[in-house]
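Asker: Here are the chains, one letter per residue:
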Amino acid sequence: MDLTALLLSRLQFAFTISFHIIFPSFTIGLAAWLTVLEALWLATGRPVYRTVFEFWLKIFGVAFGMGVVSGVVMGFQFGTNWSAFAGKVGPIQGVLLSYETFTAFFLEASFFGILLFGRSRVPPWFYLFSTAMVALGTTLSAFWIMVNNSWMQVPVGYATVNGQYVPGDWATIIFSPVVWVRFPHMLLASYLTGASCVAGTGAWYLLRDEYHAEARVMLRMGLFLAAVLVPAQLFFGHLVGDYVHDKQPVKFAAIEGRWHDEQPASEVLIALPDEAAQTNHYAISVPILGSLIGSMSFTSKEVGLTDFPVQNRPPVAIPFFAFRIMVGCGLLMLFLAWYGSYLSVKERIGEKRWMLWAIFLGFPLPWIAILTGWFTAEVGRQPWAVYGVLRTAEALTPFLTVREATISLLLFCAVYAFIFGFGIYYIYKLLRAGPAGGLIEPPIGAVPNRPMSVVHHATPPVQAGE
Amino acid sequence: MIMFWVAVLAISILLYVLLDGFDLGVGMLFGLTGDKERRRAMLSAVSPVWDGNETWLIVTGVVLWGAFPPVYATLLSAFYLPLMLMLAGLILRGVAFEFRARAEGSRWVWDVAFIGGSFVATFVQGVTVGALVEGMPVTNGQYSGGDFGWAGPFALLCGVGLCLGYALLGACWLVKKCEGDTRDEAYRLIPRLAIGLLAFLIVVFVYALVENLRVMDRWLERPVLLVFPVIGVIAIAVLAHSVRQRHDDLPFRMVALTFAAAFGTLAISFWPYMIPFSITIDEAAAPHASLAFMFWGEGLFVFPLMLIYAAVSYAVFRGKVRPTEHY
Numbered sequence: 001m002d003l004t005a006l007l008l009s010r011l012q013f014a015f016t017i018s019f020h021i022i023f024p025s026f027t028i029g030l031a032a033w034l035t036v037l038e039a040l041w042l043a044t045g046r047p048v049y050r051t052v053f054e055f056w057l058k059i060f061g062v063a064f065g066m067g068v069v070s071g072v073v074m075g076f077q078f079g080t081n082w083s084a085f086a087g088k089v090g091p092i093q094g095v096l097l098s099y100e101t102f103t104a105f106f107l108e109a110s111f112f113g114i115l116l117f118g119r120s121r122v123p124p125w126f127y128l129f130s131t132a133m134v135a136l137g138t139t140l141s142a143f144w145i146m147v148n149n150s151w152m153q154v155p156v157g158y159a160t161v162n163g164q165y166v167p168g169d170w171a172t173i174i175f176s177p178v179v180w181v182r183f184p185h186m187l188l189a190s191y192l193t194g195a196s197c198v199a200g201t202g203a204w205y206l207l208r209d210e211y212h213a214e215a216r217v218m219l220r221m222g223l224f225l226a227a228v229l230v231p232a233q234l235f236f237g238h239l240v241g242d243y244v245h246d247k248q249p250v251k252f253a254a255i256e257g258r259w260h261d262e263q264p265a266s267e268v269l270i271a272l273p274d275e276a277a278q279t280n281h282y283a284i285s286v287p288i289l290g291s292l293i294g295s296m297s298f299t300s301k302e303v304g305l306t307d308f309p310v311q312n313r314p315p316v317a318i319p320f321f322a323f324r325i326m327v328g329c330g331l332l333m334l335f336l337a338w339y340g341s342y343l344s345v346k347e348r349i350g351e352k353r354w355m356l357w358a359i360f361l362g363f364p365l366p367w368i369a370i371l372t373g374w375f376t377a378e379v380g381r382q383p384w385a386v387y388g389v390l391r392t393a394e395a396l397t398p399f400l401t402v403r404e405a406t407i408s409l410l411l412f413c414a415v416y417a418f419i420f421g422f423g424i425y426y427i428y429k430l431l432r433a434g435p436a437g438g439l440i441e442p443p444i445g446a447v448p449n450r451p452m453s454v455v456h457h458a459t460p461p462v463q464a465g466e
Numbered sequence: 467m468i469m470f471w472v473a474v475l476a477i478s479i480l481l482y483v484l485l486d487g488f489d490l491g492v493g494m495l496f497g498l499t500g501d502k503e504r505r506r507a508m509l510s511a512v513s514p515v516w517d518g519n520e521t522w523l524i525v526t527g528v529v530l531w532g533a534f535p536p537v538y539a540t541l542l543s544a545f546y547l548p549l550m551l552m553l554a555g556l557i558l559r560g561v562a563f564e565f566r567a568r569a570e571g572s573r574w575v576w577d578v579a580f581i582g583g584s585f586v587a588t589f590v591q592g593v594t595v596g597a598l599v600e601g602m603p604v605t606n607g608q609y610s611g612g613d614f615g616w617a618g619p620f621a622l623l624c625g626v627g628l629c630l631g632y633a634l635l636g637a638c639w640l641v642k643k644c645e646g647d648t649r650d651e652a653y654r655l656i657p658r659l660a661i662g663l664l665a666f667l668i669v670v671f672v673y674a675l676v677e678n679l680r681v682m683d684r685w686l687e688r689p690v691l692l693v694f695p696v697i698g699v700i701a702i703a704v705l706a707h708s709v710r711q712r713h714d715d716l717p718f719r720m721v722a723l724t725f726a727a728a729f730g731t732l733a734i735s736f737w738p739y740m741i742p743f744s745i746t747i748d749e750a751a752a753p754h755a756s757l758a759f760m761f762w763g764e765g766l767f768v769f770p771l772m773l774i775y776a777a778v779s780y781a782v783f784r785g786k787v788r789p790t791e792h793y
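Chains as they are written, first to last, in my numbering: chain A, 1 to 466; chain B, 467 to 793.
If you are wondering where the hints come from, they were derived from the structure by calculation, not from laboratory data. In this text, a Cβ means the ideal position worked out from N, Cα and C, and glycines have one as well. Hints may be right or wrong, so weigh each one.
[Said to hold, decoys possible] Okay, the calculated bits of chain B under chain A, using three or more residues with CB under 8 Å as the criterion:
#1 478 to 484
#2 550 to 560
#3 606 to 613
#4 744 to 757
#5 768 to 778
Produce the entire structure from the sequences given, and follow the hints as far as they go.
Answerer: Here it is as structure tokens:
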């Protein structure tokens, strides 16, 4: 494959957005969980809830800051690399993104500062309210992004005027049924990310034989939450599959690795798709299951990739494998959550060290599922930027050169590797310091818009005077 | 509705220039001293406000995309390389703010990132304005200048000029917020930076005359524009006086006023174009359905709240910074 400006721009977008999604997917779930912890602390007065809250709040601060920093780039990239797209879809997507930005700002401005520095200055009920508002803010942020992306998957409620896509009816755009299955799917994925990190950290402390009380709260809450949410997530995943089946049949066929029409259709569990030969190698398939999954029927005809002209088909291997990795992660999480919860209820989880190891090492599973899920959705949408309406190749800045795209891609790789390397190292230091690290002290004269500043208060000063 | 969003955009850009201007300026001046105490004082003077300041750049970006999509698309793609450099600079600098204090052996890395990032971001912003004033090569509604079409001598000169301008704004901020050595040093810098900036403005003016830039015609057509240089001159005079009198609060206000005057000059010389002489405001505006949808939520409610919030955070942070603070 030649390194064209198009390919380089796609790589750059994929790289920067994949890096970005790591942080918000974590903070959305964590914010909701912090709200629950704060409510539990107010209701029961058990100090362990408070300690755990303060501990995760510090990590929330760093992750939130990283999300903001990596998000800035996203807001500009539509114009730099995808200016044809930006000019055409701005009246819809620019507006939706501006709502996301204003919402995010509003959240950061008004309530996040209270969360970080305001506990001693506001009544307890208001502090809980602020926590809930931060959670609401992160959720709304995700909502606008999902509305935006869902419009690219299934564009609705628009008209074409002078080559621009202009909003016809905002209600149709915002209340598109596609939004309302994909948004919960993303939200549940974020909650699972939070749950899995919290449970994994609890398991880690138990393995290291420290912070027992806090570790137990983390482990139990994380596992119980996951035990409820994973099945719900599988259900919403199925609903997302339904919309893809109905609205994006060629993507569905790529995910299924189905090259030709079948009636009834079999389900390819695993195979090596061969795009040149338009067939699968080493396939393991289950007869009829394909029709059952696609249409809830034993006899339905399911369409294959060869029904569509080659220039309208997505690449097959990435959606095919990414989807299977995502589902695999989901099933692993289901096992960990259910068996872990069972052991936890029976008070036997401390004896099963291999299970603690599995929960600890399994903490990145939701992240892997989120990334592969997005790869499935976005690569599967190709060759379209806006499905069926605007091709990715036509979305590119027409005069972008290979030289420019190469320089920027290398620049982002270097800068991201550098800063996120440090960021993750600081989060590790916070985790390592443990929940006994003390409460956040409000710095003198602080203005509450610097989430990452909590790092300074998390550990003792490195040098006197600094 | 279109005028409402023009106003929001203008306010956001002006706030960005004034606010991030001084903290970028402090970032550049940071390189002039190796003294630990002074560096700490300089950081304390901007650390609580810098990322709030940067918010206005993001607001400018998204409002531009939603309300004036062709301008967003044309500008950002035409200034591809410089914008990428600016983003990298802003990221490095923002992270350096927070991680510097945690670093032990590697603090110099974050210092370099902080100073370098501030310079790059400022220089790029100046280049962008310069290239816009000079007029961008646009053919059939599409930028046609190539990878380095923005890098004319005039634009590069404007990049240097804005470095001087932001550094001056930064020095005035330090005078306002700091005490002792840091304040005295900043007072010494102000006249030098101001003279440098003045020399730059004269060169720019002569260049524009010699090259017969199209923007210059505007001055003949619209004599009302002369109000702005007059405001600028008065502000500079008051600045000189206030520096002699060691009046800590005035210099920043005067330089800010000068910047506002320069911004007004540019805005009115461009009018009714958003990208001089190729895209007008009316051509660029998104359809009414988009602008109205933005207006009834973020425009009417969130934007005023953001302004109030910014005002409150500066009110909380008023007065001199105390030496006991972090950093």
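Asker: Evaluate each hint against the coordinates.
Answerer: Do the hints match the structure? See the list:
{"no.": "1", "hint": "478 to 484", "result": "violated (count 0)"}
{"no.": "2", "hint": "550 to 560", "result": "holds (count 8)"}
{"no.": "3", "hint": "606 to 613", "result": "holds (count 5)"}
{"no.": "4", "hint": "744 to 757", "result": "holds (count 4)"}
{"no.": "5", "hint": "768 to 778", "result": "holds (count 5)"}
Comparing the model with each earlier hint shows a violation of hint 1 alone; every other hint is respected.
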